[in-house]
Amino acid sequence: MSRAGVLAIALFALGAIIAPFMLKPFGIFLISMWAVLTIAAIGLNLTLGYAGQVSMAQGAFVGIGAYTLALLTQAGVPYPIAFVASGVLCFAIGWLLGYPALRVQHHYLAFVTLAFTTIVFLLLRNEEWLTGGIYGVNAIKRPVFFGWNTGKAMDYYFFCLGVLSVISFAVWWMLRSPWGRAFVALRENPVRALSLGLDTRRYTLMAFAIGSMLGGFSGALFASLVQFIEPASFALNRSFDLLLMVIVGGSGYFMGPFVGALISVLLPEWMRITEGYYLIIYAALVMVMMPLAPYGIVGLIERGYKSLTTKRGQQKPASVVAERAAP
Amino acid sequence: MASFIQLLVSGLATGAIYALIAVGFTLLWQTSQTINFAQGEFVMLPAFFILIAMNHGAPFWLACLVGIATSVVVLGILFKFIIVDPMLKHGVLPLVISSIALALFLKEAVKDFYSSQAQPFPVLVSAGDFHIFGAVISSQSLVVLGVAIVTVVGLHLMLNKTRLGRMMQATAQNPTLATILGVPVRKMVLYTFLVNAVLVAIASILISPIYLAKFTNGETLGMAAFLAAIIGGFNQVRGAILGGIILGILDNLSAAYLSSQYRAAFPLIILIVVILVRPQGLLGRVEERTV
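Those protein sequences? They're chains A and B, same order as listed. Start counting the first sequence at 3; every next residue gets the next number (the working numbering). Start counting the second sequence at 1158; every next residue gets the next number (the working numbering).
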C-alpha cells in the first residue's frame, strides 16, 4: 500500500474515534449507522467489486441477521452466540442461494437475489408467529461485556466501530492472501482465471457467501442500534441503497464502502433543505456519475492522485535538464 | 369451474400485458445488452403522460396518441442517447446501476411533481359483462386480451415478414455479420428502443385502468417482466410471450387457490426452479460465453 493510502486510512480512523465527542446524540446515532452499514457494504463489495456479481439481496441478509439476533436474544440466548449465529446463518443461506444462480450466466444472480429479497420480505411480514409481522420486534437489547454496558449511544458506537475494525482487518488480510487475489482475477478476466486452473464458480460462491455473512453481522448490529425492527426496513429499497453505496464509494476499492456509506448516511441529513427532493437528486447524481466515473469516488481520487504523481515524475527529467543547463 | 374460467381469462389478460413488457425487455437485451431495470417504471410513466394531456383538455384517444408519442421520445430516443449510449463502453454492470438509478428517479419524479396518490385512469370500453358457461367475464379483460394479441401478432409479423424486421433480428443475433452484410446496425438498435417505448406505452394504457395510475406500479410490473423473460427464455421473443402468459395465469390462480399472502412468492419459486432445471428458459437458446 502506498504511503498516501496509509495516511488517508489513519486520518479516517482518527476522525472516526474523535467524531462522537463532538456530536449530539443524533449525530452519534448517524455515525453508528454509518459503521453498521459499512459492514454490509464491505460484504457487498466482495460480491460486486471483487467477484463481479450484482447482488440485490444484501438488504435481505441484513434483515435476516437483525431478526436472528433480536429473536435469539429475546429467547434468552447470550448475545455473543446470537451475534455469531446471525453471521453463520447468512453464510449458509448465501451459499444455498448462490449455488443455483452462479451455475448460469452473470446477470442471473441479480434476478435470483431480487426474487430472494422479495421472498424474505414476505416471510418477515406474513409469519407473524415468529417475526411479529408488521408490528416488528421491540426492545432489542444492547450487549454487556465483562461489565462494559453498551446501552448508551456513545458506548454502542465504539462497540460498532470495534466490530467494523475487526471485520475490515479480516477482509483486508483475506484480500491479500492468494484467495483474495483469486477474487480479483475473477473480476478482471474470468475466462483467463478459469484457464489458469481457478475453480471460478467455487470462488465466486465463496465471495458471495462471505459477503452475505457480513450482511448478517451488520444486521445484528443494526437490530441493537435501532432497537426496533420491522419488515419494511429490509425491503428491496435497502438492497438498492447498499448497492448504490458500494458503487458511489467505488466498487472494487477497499475504502469504497466506507466512503459510500458515509455519503449515503450523511447526504439525506445535509439535503434536509431540499425536503422531498432528496431521492431525485441522489438518483440524478448517480446517473451523472456512472458515465463520468464508473469507478466511484475513491476510484476518482486514486486516479487523480496517480495522474498528479506521474505528472511530477514526468517533469523531473525536465527540471534535471534545466539544472544542467543553468550553469 | 365457472370461477376457474373467470380466473383463467383474467389471468390470460394480465399475462398478455406482462408479455408486452417482457418482449420489449428482451428486445433491448438482444440488440444492445441493456438489462433495463427501469422497465417497470417505463410502464408506469406513459399513464401520467396521458393524464397530463387530458388535464390540458385533450380527449382520451388524442391523449393516448400524445402519450405514445411522448413515450417514444422520452423512453425511446432520450433514454438511448442520454443513459444507454454513454454507458455501453463501460460494460453491462454500470448500465444496470444506471437503470436502477433511473427507476428511482422516475418514481420519485412522478411522486413529487404529479401525485403520490393513485389516480383513476379511463377505461378503453365501458364496463359490461359476458356470460359464458356460467362464468362472468368482463369486457375489459377481453379488450385487454384483444389489444395485446393484436400488438404481439403485429410485432411478430413486423419482425419476421418485413425487411426491416429481419434486419433488426440480424442485428440482435450477430451485429458484426449484420454490419458486413450492409445492415445499418446503429439505426436498428435505435429502432428496438422505439419499439420498446411503444410496447410499454400500450401496456401502460391497458394496465392503468386495472391498477390505477400510481408511482409505485413499476415495482411489480418490472419484476413481472424480468420473471417472464427468464422463465420463457431471455433471448427469444416468443419465450417472453410464453413467460408472460404463464406468469399472469399463475398469479391469478395461486392467489385464489393457494395463498393470497404469498401470491408474490409463487412466480419467484417458479423462477428458481427454471434456473435450476433449464437455465436458458423454456424456449431459450443456450448462449455461448464470450471471452
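The hints are simulated quantities; they were obtained by calculation from the structure and are not laboratory data. Treat each hint with caution, since some may be false.
Some chain A residues well away from chain B (every beta-carbon gap over 12 Å; in silico) [claimed, not checked]:
no. : residue
1   : Gly7
2   : Lys26
3   : Leu74
4   : Tyr101
5   : Pro102
6   : Asn151
7   : Phe171
8   : Met176
9   : Ala187
10  : Val228
11  : Ser235
12  : Phe242
13  : Tyr279
14  : Val290
15  : Thr311
Once the Cα atoms are required to be at most 25 Å apart in a straight line, the calculated SDA-like pairs of lysine to any residue come out as [as the list claims (entries may be wrong)]:
no. : chain 1 : residue 1 : chain 2 : residue 2
16  : B       : Lys1371   : A       : Tyr280
17  : B       : Lys1344   : B       : Lys1371
18  : B       : Lys1268   : A       : Leu302
19  : B       : Lys1268   : A       : Ala234
20  : B       : Lys1246   : A       : Lys26
21  : B       : Lys1246   : A       : Ser167
22  : B       : Lys1371   : A       : Ala237
23  : B       : Lys1246   : A       : Arg305
24  : B       : Lys1371   : A       : Val193
25  : B       : Lys1268   : A       : Pro145
26  : B       : Lys1246   : A       : Pro192
27  : B       : Lys1268   : A       : Ser235
28  : B       : Lys1344   : A       : Leu287
29  : A       : Lys308    : B       : Gly1248
30  : B       : Lys1371   : A       : Ser167
31  : B       : Lys1268   : A       : Asn191
32  : B       : Lys1246   : A       : Tyr280
33  : B       : Lys1268   : A       : Val186
34  : B       : Lys1268   : A       : Tyr279
35  : A       : Lys308    : B       : Pro1251
36  : A       : Lys26     : A       : Ser167
37  : A       : Lys308    : B       : His1247
38  : B       : Lys1246   : A       : Tyr279
39  : B       : Lys1371   : A       : Tyr279
40  : B       : Lys1246   : A       : Trp272
Ideal Cβ positions, reconstructed from N, Cα and C, are used throughout, including at glycine.
Evaluated hints:
no., hint, result
1, Gly7, "25 Å, holds"
2, Lys26, "29 Å, holds"
3, Leu74, "25 Å, holds"
4, Tyr101, "9 Å, violated"
5, Pro102, "5 Å, violated"
6, Asn151, "40 Å, holds"
7, Phe171, "28 Å, holds"
8, Met176, "23 Å, holds"
9, Ala187, "15 Å, holds"
10, Val228, "23 Å, holds"
11, Ser235, "17 Å, holds"
12, Phe242, "6 Å, violated"
13, Tyr279, "6 Å, violated"
14, Val290, "9 Å, violated"
15, Thr311, "25 Å, holds"
16, B:Lys1371 <-> A:Tyr280, "20 Å, holds"
17, B:Lys1344 <-> B:Lys1371, "34 Å, violated"
18, B:Lys1268 <-> A:Leu302, "33 Å, violated"
19, B:Lys1268 <-> A:Ala234, "19 Å, holds"
20, B:Lys1246 <-> A:Lys26, "46 Å, violated"
21, B:Lys1246 <-> A:Ser167, "37 Å, violated"
22, B:Lys1371 <-> A:Ala237, "19 Å, holds"
23, B:Lys1246 <-> A:Arg305, "19 Å, holds"
24, B:Lys1371 <-> A:Val193, "44 Å, violated"
25, B:Lys1268 <-> A:Pro145, "41 Å, violated"
26, B:Lys1246 <-> A:Pro192, "19 Å, holds"
27, B:Lys1268 <-> A:Ser235, "20 Å, holds"
28, B:Lys1344 <-> A:Leu287, "29 Å, violated"
29, A:Lys308 <-> B:Gly1248, "24 Å, holds"
30, B:Lys1371 <-> A:Ser167, "44 Å, violated"
31, B:Lys1268 <-> A:Asn191, "42 Å, violated"
32, B:Lys1246 <-> A:Tyr280, "29 Å, violated"
33, B:Lys1268 <-> A:Val186, "41 Å, violated"
34, B:Lys1268 <-> A:Tyr279, "10 Å, holds"
35, A:Lys308 <-> B:Pro1251, "23 Å, holds"
36, A:Lys26 <-> A:Ser167, "23 Å, holds"
37, A:Lys308 <-> B:His1247, "21 Å, holds"
38, B:Lys1246 <-> A:Tyr279, "31 Å, violated"
39, B:Lys1371 <-> A:Tyr279, "18 Å, holds"
40, B:Lys1246 <-> A:Trp272, "34 Å, violated"
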